[in-house]
Amino acid sequence: MTVAPLTPPQPLLEVSNLCVDFPSEGHTVFAVDDVSFTLAQGEITGLVGESGSGKSVTSMAILRLIQPPGKIRSGKLRFEGQDLLTLDDDAMRRVRGGGIAMISQNPANSLNPVMTVGDQLTRVIRLHLGLSRQEAYEEALRGLRQVEIHSPERRMVQYPHELSGGMCQRVMIAMAMAPKPRLIIADEPTTALDVTVQKQIIHLLDQLRQRHGVGVIFVSHDIAVVSQIADKVLVLYAGRAMEQGLVNQVLTAPRHPYTRALLASMPYLGASKLRQRVPVIPGHVPNPTAAIKGCIFAPRCAHRIDACTAERPVMVPVGNQGAVACLRAEELAEAPSRLTGVRI
Amino acid sequence: MQISALGRYIIKRLLLLIPVLLGVSLLSFSLIKLAPGSAVTYMLGDQASEAMVRALERQLNLDQPFFTQYFSWLANALQGEFGMSFVTQIPITELIAQRLAVTLELSVIAIVITLLIAIPLGVAAATKQNRLPDHTVRFIAVAGVSIPDFWSGIILIFLLGVQFQWVAPGGYTPISEGLLPHLRSVILPACILAFINLALITRMLRASMLDVLSQNFIQAGRSFGIAERELVWRDALKNAFIPTLTVIGLTIGIMLSGAVMLETVFSLPGLGKLLVDAVFQRDIPVLQAVLTLIGCFYVLVNLFIDVGYSMLDPRIRF
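As given, the protein sequences belong to chains W and X, one line each in that order. Start counting the first sequence at 147; every next residue gets the next number (the working numbering). Start counting the second sequence at 933; every next residue gets the next number (the working numbering).
If you are wondering where the hints come from, they were derived from the structure by calculation, not from laboratory data. Hints should not be assumed to be uniformly reliable.
[Said to hold, decoys possible] Here are the in silico distance ranges between beta carbons for each label pair:
#1 W:Asp229 to X:Pro1052: 33 to 39 angstroms
#2 W:Pro425 to X:Lys1170: 46 to 52 angstroms
#3 X:Leu1064 to W:Ala186: 46 to 52 angstroms
[Claimed, not checked] If the Cβ cut is set under 7 angstroms, some of the chain W residues that face chain X in the computed set are:
#4 Leu211
#5 Ala237
#6 Arg239
#7 Asn252
#8 Asn255
#9 Ser256
#10 Leu257
#11 Asn258
#12 Val260
#13 Tyr305
#14 His307
#15 Ser310
Every residue, glycine too, gets a C-beta built ideally from N, C-alpha and C.
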């Protein structure tokens, strides 16, 4: 009889206190500053934020693909218990594509324009699964069928420019799934696609998660899309984590003033007046440098008090699995909010 | 279906060759007429009497109107008959056949040397930007553009040919007298010829490599675990070579004019030497034939380049 482990099962991915710096003239930009989150097997976490919030940098950092002069300054990345930051280059390369696969923002230019779809698919399959040419070809066909591509034999000999954007994204998903990774990072996978294709791709990712139990990090600026697919969400702003928690909790009862403002600024159909203005967050996203003390959102925050600019708020656990980095979170939660949550 | 489209394209380009060559021949024909001095005075010397000049002109058809001369030349040329050299009285077709091989060999060796150096250097310069290989490329580029080829030719003949005696200081040894002596007589001019275009091609390759390496699919390739070496040498290079190919096509023209200079400096019996001698001797039929041939060659090379394009880049179809 086996003894049940006392500790909860090991998370698939554990990001702790990740910091990524980009030196630029005279100062250093803290593109990702002290971000932590965990992801369980089969779970989908949404990374949400505006442009420049550090969501893409976070996902590139997980694959250790930050381009110099940028670098991971500190933090821990554990994937299936393995410390990614201490792996040698060869072992890290096997993790890329093999353990963690990435689907990127622009499917049309994520494929090599002068190589056939088939050559690109079989190359990745052979690299990670060590199959023969013929076996890899069969595997690639199977992969294309799985992402619902019709007549895959024909697609194999076509070049990327002969496929539509949605078709390219399916090929990318097939390529990501083929080596049987345990984690998929989808960086704005639907942004460049039209809404109907967006829906299909999201449905596809969800199916793959259910069928194969892969974990997914879904990076998006679009909260509506994240709400459709994610279990948990992490809200980033200027490289720092603002709030995290179960997607329903965060979206229906946001604790952080930034999350509230972000949700309030979302346009939605069926607004009471046709010309109702969408509320905007005043100001703009700052360049996160060392000079910024206190809460990085403070300059744009409607609920700012003096303490906000003096001291940097830490992530404090709230509710079920949630956490928020705001000094006034508790106080503001009790007061009835002027800002309403998103209608899902 | 694609092959037949390509075939149609090639036929179209070959047909376009006709007006191009007509233009080339007409231009060279009239330029020669405009130039001072005539073949007849050259052949007879400046002491010849008026009557002797007239007689020879009639014999060579030089007393006919311009267009009559041009069209009768054209009619013969179309049958592959370029006439006799005024000076040596050897049929021009035969003269060219002897000389063409030397120039072609020189150009082919030069292109091979150029590519053997330009590809690794261009790739290294792009992947190690602002480090030693990049600075080397910049140095070669400046040197290649600023040093005239006849000057580097003479200096290198002096150093390698006379001082160290590694290569022949000039003159041509045919391959029938042994491969090594033959190579020793052509390797230096071929290297200098290569050097002229090396800078241009390397810089072009460096620039397009930098452009390709910053594209999304390279980063996507990294995220799939594909080795950096494969991404650079297979994915990026194939993409970056497409624009570089155009430049290579253009440099073939520069190479031909370089061959004219270097064959003179190294006294190699090539087309360039034939052309220069013909200019000095006012050997009009030879000049016309060589110029037309060079024009033809240039257009054909660019046709090959365009066909090569469609093989490298599946997005280009004709």
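Evaluated hints:
no.: 1; hint: W:Asp229 to X:Pro1052: 33 to 39 angstroms; in the structure: 37 angstroms, holds
no.: 2; hint: W:Pro425 to X:Lys1170: 46 to 52 angstroms; in the structure: 50 angstroms, holds
no.: 3; hint: X:Leu1064 to W:Ala186: 46 to 52 angstroms; in the structure: 48 angstroms, holds
no.: 4; hint: Leu211; in the structure: 6 angstroms, holds
no.: 5; hint: Ala237; in the structure: 11 angstroms, violated
no.: 6; hint: Arg239; in the structure: 5 angstroms, holds
no.: 7; hint: Asn252; in the structure: 6 angstroms, holds
no.: 8; hint: Asn255; in the structure: 4 angstroms, holds
no.: 9; hint: Ser256; in the structure: 4 angstroms, holds
no.: 10; hint: Leu257; in the structure: 6 angstroms, holds
no.: 11; hint: Asn258; in the structure: 5 angstroms, holds
no.: 12; hint: Val260; in the structure: 5 angstroms, holds
no.: 13; hint: Tyr305; in the structure: 4 angstroms, holds
no.: 14; hint: His307; in the structure: 5 angstroms, holds
no.: 15; hint: Ser310; in the structure: 15 angstroms, violated
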